[in-house]
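2 protein chains.
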Amino acid sequence: MKIVCLGSGNVATHFAQALKLAGADLIQVWSKTLANAEALANVLGSIATDDLSAINPHADLYLICVKDDAITDVTKHLSAVKGTVIHTSGATPLSVLSTSGFNDYGVIYPLQTFSKKQAVDFKKVPLCIEADNETTLLALKNLASGLSEEVHEISSEDRKLLHLAAVYACNFTNHLYHLAATLLKRNDLSFSLLKPLIMQTAEKVQGEALPISLQTGPAIRNDELTMQRHLELISDFPVLTEVYETLSKSIKKTYL
Amino acid sequence: MKIVCLGSGNVATHFAQALKLAGADLIQVWSKTLANAEALANVLGSIATDDLSAINPHADLYLICVKDDAITDVTKHLSAVKGTVIHTSGATPLSVLSTSGFNDYGVIYPLQTFSKKQAVDFKKVPLCIEADNETTLLALKNLASGLSEEVHEISSEDRKLLHLAAVYACNFTNHLYHLAATLLKRNDLSFSLLKPLIMQTAEKVQGEALPISLQTGPAIRNDELTMQRHLELISDFPVLTEVYETLSKSIKKTYL
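So the sequence lines, in the order shown, correspond to chains A and B. Numbering-wise, the first sequence is residues 0 to 255 according to numbering that gives the first Met the number 0. Numbering-wise, the second sequence is residues 0 to 255 according to numbering that gives the first Met the number 0.
Here chain A stands alone, though its shape is the one from the complex (with noise of 0.2 Å):
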């Protein structure tokens, strides 16, 4: 399978190595910055480019990894392929593509966060995929399950909100994290004493047990005693304030 690669960021660079593992021949890596195109391509064994109109017309599979609001200046450049054409975003819905012409398009949307530097199974990432026919997402099932052993049908409206899900359980726990970190650093204590309780926190989810049977803490107890003490030593600090009493307020509506 011939693919080419439009983009070289996060997704691009994890989802393309996944299917050259995979044993797709990635023929093409678009950047709009040569110098990022050409590093991903050398990863791949592949060429690279940073001009759209150069784009080679007969791929197999047209993966588009660039960002939500670049996706249409991309297909516009996709319109005399023949090949597939598909997106990875989580916030885009699949009718992004209906307007180019494209005989087969479809999205597969890696739901996990990505680092260059960061090595991910590939296996274990949840892919959810759609298409705007039944052949095209035979085909998409059939790609992705090579990759992942854990492809799942999503719907544009199902995939926005798996997004936004993702937006509390990644990058609001990663701002989390940060808050501790600040906390820390001001009384000279490493972050790394953390890192335990981080693992297990996230660990404790990962079996049967929802989060909201997991929940402890001061506000689940009604501990205001222990909140007040909390806020006192955080209160030339307006930011952590506003978050833990959020945070602490939201807990309690849940519980209580």
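Careful, some of the hints might be misleading.
Straight line, CA to CA, 30 Å or less: simulated BS3-like cross-link-like pairs of lysine-lysine [unchecked claim]: (1) A:Lys116 / A:Lys19; (2) B:Lys140 / A:Lys184; (3) B:Lys251 / A:Lys251; (4) B:Lys248 / A:Lys66; (5) B:Lys251 / A:Lys116; (6) B:Lys184 / A:Lys252; (7) B:Lys252 / A:Lys184; (8) A:Lys252 / B:Lys75; (9) A:Lys1 / A:Lys116; (10) A:Lys115 / B:Lys248; (11) B:Lys140 / A:Lys248; (12) B:Lys81 / B:Lys66; (13) B:Lys116 / A:Lys252; (14) B:Lys66 / B:Lys116; (15) A:Lys1 / A:Lys75.
Simulated from the structure, these hints should not be mistaken for laboratory data.
Given chain A's structure and the hints, the job is docking chain B onto it.
Relative to the frame of chain A, chain B by itself:
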């Protein structure tokens, strides 16, 4: 070493089992609820009581693992003991033990989240120790080093801060997992889809990189369009909206 365990909750269960594993003799377990004391005593091959006046006065160590506001009540009944008295609370200063006339007292605070049913590798649990004198500190250090590879001398003031940081990194984080689960449940989507993402988000901060360098999502990009779309999806869900707005604002303040 003969140890009396006061309390039978999550911390008591894991701490006492780690002590037993390290060769200590758990001679007695007290809990205000006899059935709870008995359940833990059975696991430890120990004797249960719900009577504080029946506490064995001949132990080497008294391990207090009760709720913060019950520590003083418990210590009142330990005035006759000769052994070292320690509590395990993050939010409670060492000085709470100073009024009961103990010769040797201290703190071993395990910086981890414990549930009775969930296994924890105690060797990896950071143990924060403090004592009223150097001899006791050394004794606690030796004891703690037999239980965990992570033993740290931490003052009451710093321990209080660590405890607060843990609220962000564990309690609030788990609540974000719950809010994500709530969102998915509305559309009959499985929380399992988020589990690999949650693990990876925690794993990412286990290395050298600090959370501040790993932040992703619409807020750090100041992607107002995506944030507006997200808020529309939860417009009928005031709790989710408030958390979304507060954390997005905090992220923007951190980076922009």
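Between Lys184 (chain B) and Lys252 (chain A), does the CA-CA distance stay at or below 30 Å? 18 Å, holds
Would the pair Lys251 (chain B) and Lys251 (chain A) pass a check requiring their Cα atoms to be no farther apart than 30 Å? 26 Å, holds
Verify the proposed pairing of Lys116 (chain A) with Lys19 (chain A), using a straight-line Cα cut of 30 Å. 18 Å, holds
Verify the proposed pairing of Lys251 (chain B) with Lys116 (chain A), using a straight-line Cα cut of 30 Å. 24 Å, holds
Proposed proximity, Lys116 (chain B) with Lys66 (chain B) (alpha carbon, max 30 Å): 19 Å, holds
Has the given pair, Lys248 (chain B) with Lys66 (chain A), been kept, meaning a C-alpha gap of at most 30 Å? Judged against 30 Å, a Cα distance of about 22 Å means the pair holds.
Just to be careful, I want the Cα atoms of Lys116 (chain B) and Lys252 (chain A) compared with a cutoff of 30 Å; is the pair within it? 26 Å, holds
Restraint status (C-alpha distance of Lys1 (chain A) to Lys75 (chain A) at most 30 Å): 21 Å, holds
Does the structure keep Lys252 (chain A) and Lys75 (chain B) at a Cα separation of 30 Å or less? 36 Å, violated
Given pair status - Lys248 (chain B), Lys115 (chain A), alpha carbons within 30 Å: 27 Å, holds
Taken at face value, is the distance from the CA of Lys116 (chain A) to the CA of Lys1 (chain A) at most 30 Å? 26 Å, holds
Given the proposed pairing of Lys81 (chain B) with Lys66 (chain B), does the C-alpha separation stay at or below 30 Å? 23 Å, holds
The structure does not agree with the numbered hints 8, 11 stated previously, though it agrees with the rest.
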